[in-house]
Amino acid sequence: MIRVMLVLLAALMALPVAAQDSMPPAPYAYNQLEDPAMEAEAAALMATLRCLKCQSQSIADSDAPMAGDMRHQVRSRILAGESPAEIRAWLIARYGDYVSYEPTVSASTWPLFAVPVLVILIGAGVLLRRLGKRRSDAGDAA
Amino acid sequence: MSQNRLWLWLPLALFAFFAGLAGYMLTQEKDQFVESTMIGEPLPEFALEPAFGGLPGAARSDFVGGKPRLLNIWASWCLPCIAEAPQLEALKAQGVEIIGIAIRDRPEDVANFLGQYGNPYTRIGSDRISEVQLAIGSSGVPETFVIDAKGVIRYQHIGDIREDDVPVLLAELEKAQ
Chain U
1 MIRVMLVLLA
11 ALMALPVAAQ
21 DSMPPAPYAY
31 NQLEDPAMEA
41 EAAALMATLR
51 CLKCQSQSIA
61 DSDAPMAGDM
71 RHQVRSRILA
81 GESPAEIRAW
91 LIARYGDYVS
101 YEPTVSASTW
111 PLFAVPVLVI
121 LIGAGVLLRR
131 LGKRRSDAGD
141 AA
Chain B
143 MSQNRLWLWL
153 PLALFAFFAG
163 LAGYMLTQEK
173 DQFVESTMIG
183 EPLPEFALEP
193 AFGGLPGAAR
203 SDFVGGKPRL
213 LNIWASWCLP
223 CIAEAPQLEA
233 LKAQGVEIIG
243 IAIRDRPEDV
253 ANFLGQYGNP
263 YTRIGSDRIS
273 EVQLAIGSSG
283 VPETFVIDAK
293 GVIRYQHIGD
303 IREDDVPVLL
313 AELEKAQ
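Protein chains in written order, with the numbering used here: chain U, 1 to 142; chain B, 143 to 319.
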């Protein structure tokens, strides 16, 4: 019985789907940098770069071959002494703001930053007026 | 008083508007293409090894001088690349020089692919870690770039080349003269 169960279980196991390509990953796709400080810099940057093949994931989260190649670029450039800001700028020069998850203020995104400030100001204004009114009401009653 | 009451409906109206907008956007097709922002920029410096024994590799210098050329990003493991093979042949028949860059590919697979679907290339460089692909802002296979004789990227075609894309590419090559 156990043998039958094992055979059935084996049949249930998914076969690996044919990969997109059979090449080994780039050297720094899955290997960390030796220097922990450099690796931390690279990891922080990779978490904020968009995978171009799987557009809702960062390259740190994705197993797409292209994300691996992008991680290799990030790590080898950090190793070569480039700063995370330079690497981000290098990618933005090629793919536009879209490749970066880090929000920046630009001609099309400024309302995202301005509206919350505006709403808080309006809220504060309304609150002040109401409190002021109540106080003067209380003053009238006294 | 009745005017004040009307104001109370505003948040609900706003909510309904955004719910409607979200519903509408769900029915719209999403453009998944990430366009390169390198159009008008010079091709970055690179030199790639030959992708297989039959043709030389590819470097930036191969794009400089003479006529505008096509840079075709492809791979033997890429199915749409099979679909565009006849169109690349058609472009070659029109006298267009096509230089290939094979992404994450093996020499034997490249040779097999060309044996099966034809070889429209004059050179094929092997880009094993997508470094040239990333350097020119390409985000998938296949993609085709028009490079003018000064080595400047002039046009990007994303996805496989269909029959009706051939005249477009020929016109872009003409424009890049």
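Please note that the accuracy of each hint is not assured.
No farther apart than 20 Å at their CA atoms in a straight line, the calculated lysine to aspartate or glutamate pairs in the EDC-like style are these [claimed, not checked]: (1) K317/B - D307/B; (2) K53/U - E187/B; (3) K53/U - E177/B; (4) K172/B - D97/U; (5) K234/B - E171/B; (6) K53/U - E273/B; (7) K53/U - D21/U; (8) K317/B - D306/B; (9) K234/B - D306/B; (10) K234/B - E316/B; (11) K292/B - E187/B; (12) K317/B - E191/B; (13) K209/B - E316/B; (14) K317/B - D173/B; (15) K53/U - D173/B.
Keep in mind the hints are simulated off the structure, nothing from the lab. Since the structure is predicted, the reported quantities are computational estimates derived from the model, not experimental observations.
Looking back at the numbered hints, which does the structure fail to meet, lowest number first? Result: hints 2, 5, 12 and 14 break, sorted rising.
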